[in-house]
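S.K.: Sequence:
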Amino acid sequence: MIKKFIIKNIAEISFVFLAIFFSSWLMFSTFSYRDGSMLVASKAWSDFASHIPLIRSFSLGSNFPPEYPIFPGSPIRYHFLFYLVVGFLEKFGLRVDIALNILSAVSFFLLLYIIFKLSKLLFKKYFIAFLAVVLFLFNGSLSFLYFFKAHPLSFPGTFYDILNNQIFPAFAPYDKSLISGGFWNLNVFTNQRHFALPLAIFLSIIYFLIKAEKINKKISLKLTILFGILIGIFSFLHGAVFVMSISILACIFLLFPKQRISIAIILLVAFFVSLPRTLFLWSVESANIFKINPGYLAANNFSFSNWINFWLLNLGLGSILIPLGFLLSGRTEKKLYLSFFILFTLGNIFQFSPDIATNHKFFNLWIIISNIYIAFALYKLWQKKIYVKLLVLIFIFFLTFSGIIDFFAIKNDTFYSISDYPKNPDILWIIKNTSKDAVFLNSNYIYNPASISGRKIFLGWPYFSWSLGYDTDGRDILSHQLFTSEPINVECQILRQNKIKYIIIQDKNDIIVNNQYLDDSFRKVYDNKITTTKIYSVIKSCY
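Mapping to this note's numbering: the sequence shown position 256 is 256, numbers consecutive.
Misleading hints may appear alongside valid ones.
In silico lysine-lysine, DSBU-like type, Cα no more than 35 angstroms apart, as pairs [as the list claims (entries may be wrong)]:
no. : residue 1 : residue 2
1   : Lys214    : Lys432
2   : Lys117    : Lys384
3   : Lys3      : Lys91
4   : Lys385    : Lys529
5   : Lys124    : Lys4
Hints are computed from structural coordinates only; laboratory data are not their basis. Keep in mind the model is a prediction, meaning the values are calculated, not measured.
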């Protein structure tokens, strides 16, 4: 019986093993641990500078009710749930890299698997399911054009250039290119570890809805309520996926009459589950960053021709094959695609955060679905004559070539080492000698010993907090004031207002520090000549 099951499902079983292996390799190869230090891939370095402090605030610190540990003082605006779970796993005994990588690998595997299953459900062919996943893993942008600008075509030189590649050929808006290659490749999921899980859950919900539609049935009430709860939880797990899910379900409500009752219940339950979080976010300044700003990354120099050019370069052959797959698909599949197309529309019209580049999440999910229709179009073309089959192979090559180049940039990435406790004496001292909810005034933004210790720092790297709508300019000005020679009574008043108990400085600071003022005003409780870290307690002087 088991043998028959394996033979019957050999394609899917093979896919599962490959997906588990690849997901595990991807996550563990970009974040690991060796000799008491965390090893972070250089392309994940910046994002992890906010993720590690958040994880540690739950595992080594005391962060309830949750605050943003690199901008404390008010309830957290960041979707923190994924990292809270990672923090709990570390708190219960798993090493931080294992805790984060296991959850990340499981999440990414689930995303790959549901892409596979949804593709098979929609178009009934394993070929389409496999190809849809391959197209997801290896993006179809035209960024390879920029690669050949830097590495002129040669033989066998080009082959070795690709195998040894360490950078993304194009990564707008962070370079001078017009292609956002870094947003369409695996980099998104190695950096934003919390992104894959809500995508996988939402696509699973879509899977059940479409399956019910195809067999002319409705989803059970229990399952409907569960789906509503899960989508409501997205507001804590990933805010953008929450907005995307609501938008898509609203479209499905309009286009799939048989599923309207189920979707209405899902949306109603999701509304009540997410209500506390939604009300809070709309009550703070972050509610004011939503605005109309057409063009996405072409917005700064917006014209219709520039916008078309941007998407032709970023979609490559997909700009032809997506419409073809849509036109060749059936009625149900057309309605589903139109429901997801709302993401492309929203992402190109509105700006959802101070940094418009973060709209890429809307396009990531839209591209996942679009890849299924590209795979379907290629399958239909494959049914034609032999010369068309050759054309399909050429199409597949160009739909994955940029992604292959990007893959080697991730595989060959270099690493930064972050000395962790108990190896790092600064972190060890902070853990042993300060309260878990202590707030530090810091002179260094990134990977500060206090934040790695699970303590809150007054201001981490400003971009992270700014992108959430926090007043980083005001806090930056305040930080500079506190590190100069403010009158001690004024200094203490500000420190008390912000619940700051300690000041931490090092030789290389992001803020100008008046060392003599600190020595004269506060008690130095820690001074490491090797790491150059000094810690002052302000409790005796100000509390």
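S.K.: Are the hints correct? Go through all of them and say.
M.R.: Checked hints:
1. Lys214 / Lys432: Cα-Cα ~60 angstroms, so violated.
2. Lys117 / Lys384: holds, 26 angstroms
3. Lys3 / Lys91: Violated - the C-alpha atoms of Lys91 and Lys3 are around 42 angstroms apart, more than 35 angstroms.
4. Lys385 / Lys529: Not satisfied, since the Cα-Cα distance of roughly 75 angstroms exceeds 35 angstroms.
5. Lys124 / Lys4: holds, 21 angstroms
Comparing the model with each numbered hint stated earlier shows that hints 1, 3, 4 do not hold.
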